[in-house]
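Student: Each chain, written out:
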Amino acid sequence: MDIIKFLDGFTNEALLEGKPSRRDMFGTLGSLGKKAVLSAIPFGLATMPNKTFAQDSGSDPVSALQLALTLEYLEDEFYDLALQSGVLPSGRPETVYMQISKHEQAHVDFLIAGLEGAGVTPVEKPTFDFTAGGAFDPFNDNGVGQETAYAQLLALAQAFEDTGVRAYKGQAGNLLGSDFLTPALQIHAVEAMHASEVRRLRGLKGWITNNERGAGMPEATQAVYNGEENVVQGGVDVTTLGSDAPFSMEASTEAYDEALSGDDAVAIASLFIVSE
Amino acid sequence: MRKSIVKVKPVEKATNRRQFLKLGGMGVVGAGLLVACSNDDNGMGMMPDPDPNPNPAIFDLGQGDLGVLNYAYALEQLEADFYTKVVNSFYGNISDEEMQILTDLYYHEVNHRDFFKTAITAAVDGNTDLVLPTLEFDYGDLDFNNREQVLTTASVLEDTGVAAYNGAGRLISNPGYLLLAGKIVSVEARHASAIRTLLNPGSADFAGDDYVTTDTGLAAALDPSVVLSAVGDTGFIQTSFTANNLP
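Protein chains in written order, with this note's numbering: chain A, 1 to 276; chain B, 1001 to 1247.
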């Protein structure tokens, strides 16, 4: 299955109907810089004709798993390259990345096996560009320097893990009644364990306060955190449950992670995917 | 079908999971062992249960989504109560980081607990007979002034909470409740990771091989009966209830 064609199934019609300009894409995805926006455009979000969305709406278990596999491909390759880059300090950072890398590889293998076991052809691994069109240099390939590269390596890991948590959560409903629900929840929890550790490695809390991306995170990653400020859970504004600290805005947003739609997850991933 | 939960019984399915359901070696298991529980295996056998709660004197969590919500509420009550005690008498020489993390966990779990009470009460149209009552807790010999005991217990509770939510997801039929469980379980997983790192800084324990399968990268998932049996083993919960309608 063609990755581009597949991912297009997640794009929402609003994006596509109005022949959105590159400025619209820019506004949707955050301000990574023109190069990043250009890299996102060929991916096809804005150029596909308005078709086939009814049948390819990305709301069935297979689509949910294909999206998951795409995100796992991204994470798996990112951590592989990170470990090979020489940017990562030995000790805790390397230990953490090795453990995460092991899991992402396992997730890729698991999802491929699961899809094939269900008689579905897994999406192909896309070509990734972790510079996002030149905005980053996490592996120091372009000579940004070890220190900056390392900071970006951590920032991107945080963004990918926090995105993964939100994306899996957003797909859980599509897996309701499927045998894949439990394993997806099991992966979802592992991504959250990763996210927590990477955030602490960056000096942040392991949980997300309001919609704050956290100190040192590029503005381009804000899309990962938008919506996390929600305090209405199941129709209940949890800040009204009490007046003391556990019900503050901060605690109330930290205590619940928010879901990300397939559209939004694809939009974030697409920043790092180049069309063939 | 298992007929009783908060009671002592062997944890069969979790034998390969090293520590997250046991407080082994800490000397707290035997203390305050919970014996107040309903009779199980009382002849109901495998037949469909004509009366979901054959012993109305003891609260049953219920079935379906209600049962899962009450189950989650029980676990959140335990976590909230535990951290309340932790923050009300922090162990000596606690670091700023540990104090911040444990305080945040206290906030989050109290929020979760009160949310479930409100949400379940709304879900049953205010029929409080169907809402799990406020539970009583007793931590026996657990020494809240002992860092190792507090953090190890916290780790067990968080790990178990994650496995419980992971295992309960498939029992939920309402997508809205599934999403809510998802919103909470990932925060519990963030907690579990943080506590694991406090216990073994700089290690891979934040998502350790004892908890995440190395071949498939999956965190634990356990049925309510297994979780509740293990929770019963700790003796922490003093109020008896049953989960006759959950697997």
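Just so you know, these hints were derived from the structure itself, not from any lab. Here the structure is a predicted model, which means the values were calculated and not measured. Note that the Cβ used here is the ideal one computed from N, Cα and C, for glycine as well. Do not rely on the hints blindly, as some may be mistaken.
As the list claims (entries may be wrong) - Away from chain A, derived, C-beta distances all over 10 Å, residues of chain B:
(1) 1108
(2) 1130
(3) 1139
(4) 1203
As the list claims (entries may be wrong) - Covered stretches of chain B (in silico footprint by chain A; criterion: 3 or more residues with CB under 8 Å from a CB of chain A, positions within the stretch not fixed):
(5) 1057-1065
(6) 1210-1223
What the hints assert, rightly or not - Residues from chain A shown here face chain B by an in silico Cβ test under 7 Å; the list is partial:
(7) 95
(8) 103
(9) 114
(10) 117
(11) 119
(12) 125
(13) 129
(14) 173
(15) 189
(16) 196
(17) 201
(18) 204
(19) 251
(20) 255
(21) 256
(22) 257
Student: A separate judgement is required for each hint: does it hold in the structure or not?
Tutor: A quick look at each hint next to the structure:
Interface exclusion of residue 1108(B) from chain A breaks down, the closest Cβ pair being 4 Å apart, not more than 10 Å. Even its closest Cβ contact with chain A, about 17 Å, leaves residue 1130(B) beyond 10 Å, as expected for a residue assigned away from the interface. The non-interface label for residue 1139(B) is consistent with chain A: the shortest C-beta to C-beta separation is roughly 20 Å, beyond 10 Å. The claim that residue 1203(B) lies off the interface is violated: its Cβ sits roughly 7 Å from the closest Cβ of chain A, which falls inside the 10 Å cut-off.
Only when three residues or more bring their CB closer than 8 Å to a CB of chain A does the claim for the stretch 1057-1065 of chain B stand; here the count is 0, and the claim is violated. Evaluation of the coverage hint for the stretch 1210-1223 of chain B: fulfilled, as 10 residues show C-beta separations to chain A shorter than 8 Å, against a requirement of three. With 7 Å as the threshold, the beta carbon of residue 95(A) comes within range of chain B, its nearest partner Cβ sitting at about 6 Å, so the hint holds. A least Cβ separation of about 4 Å between residue 103(A) and chain B falls short of the 7 Å threshold, and the interface hint therefore holds.
Interface hint at residue 114(A): violated, since its Cβ lies 10 Å from the closest Cβ of chain B, which is beyond the 7 Å cut-off. Taking 7 Å as the C-beta contact cut-off toward chain B, the hint placing residue 117(A) at the interface is violated, the least distance being around 13 Å. Violation of the interface hint for residue 119(A) is found here, the shortest Cβ-Cβ separation to chain B being roughly 20 Å, above the 7 Å cut-off. Annotation: interface hint on residue 125(A) violated; nearest CB of chain B at approximately 17 Å, more than 7 Å.
Restraint check, residue 129(A) versus chain B: the minimum CB separation of about 25 Å is more than 7 Å; hint violated. Against a cut-off of 7 Å between C-beta atoms, the interface hint on residue 173(A) holds, since the closest Cβ of chain B lies about 4 Å away. At its closest, the beta carbon of residue 189(A) sits 4 Å from a beta carbon of chain B; the interface hint therefore holds under the 7 Å criterion. Checking residue 196(A) against chain B by beta carbon gives a least distance of about 4 Å; that is within 7 Å, so the hint holds.
Nearest Cβ of chain B to the Cβ of residue 201(A): about 9 Å, over the 7 Å cut. The hint is violated. Hint status for residue 204(A) relative to chain B: violated, with the closest Cβ pair at about 11 Å, above 7 Å. Among the interface hints, the one on residue 251(A) holds; its C-beta lies about 4 Å from the nearest C-beta in chain B, closer than the 7 Å criterion. Taking 7 Å as the C-beta contact cut-off toward chain B, the hint placing residue 255(A) at the interface holds, the least distance being around 4 Å.
Annotation: residue 256(A) was flagged as interfacial toward chain B, and the flag holds, the nearest CB pair being 4 Å apart, inside 7 Å. Because the smallest distance between the Cβ of residue 257(A) and any Cβ of chain B comes to about 4 Å, under 7 Å, the interface hint for this residue holds.
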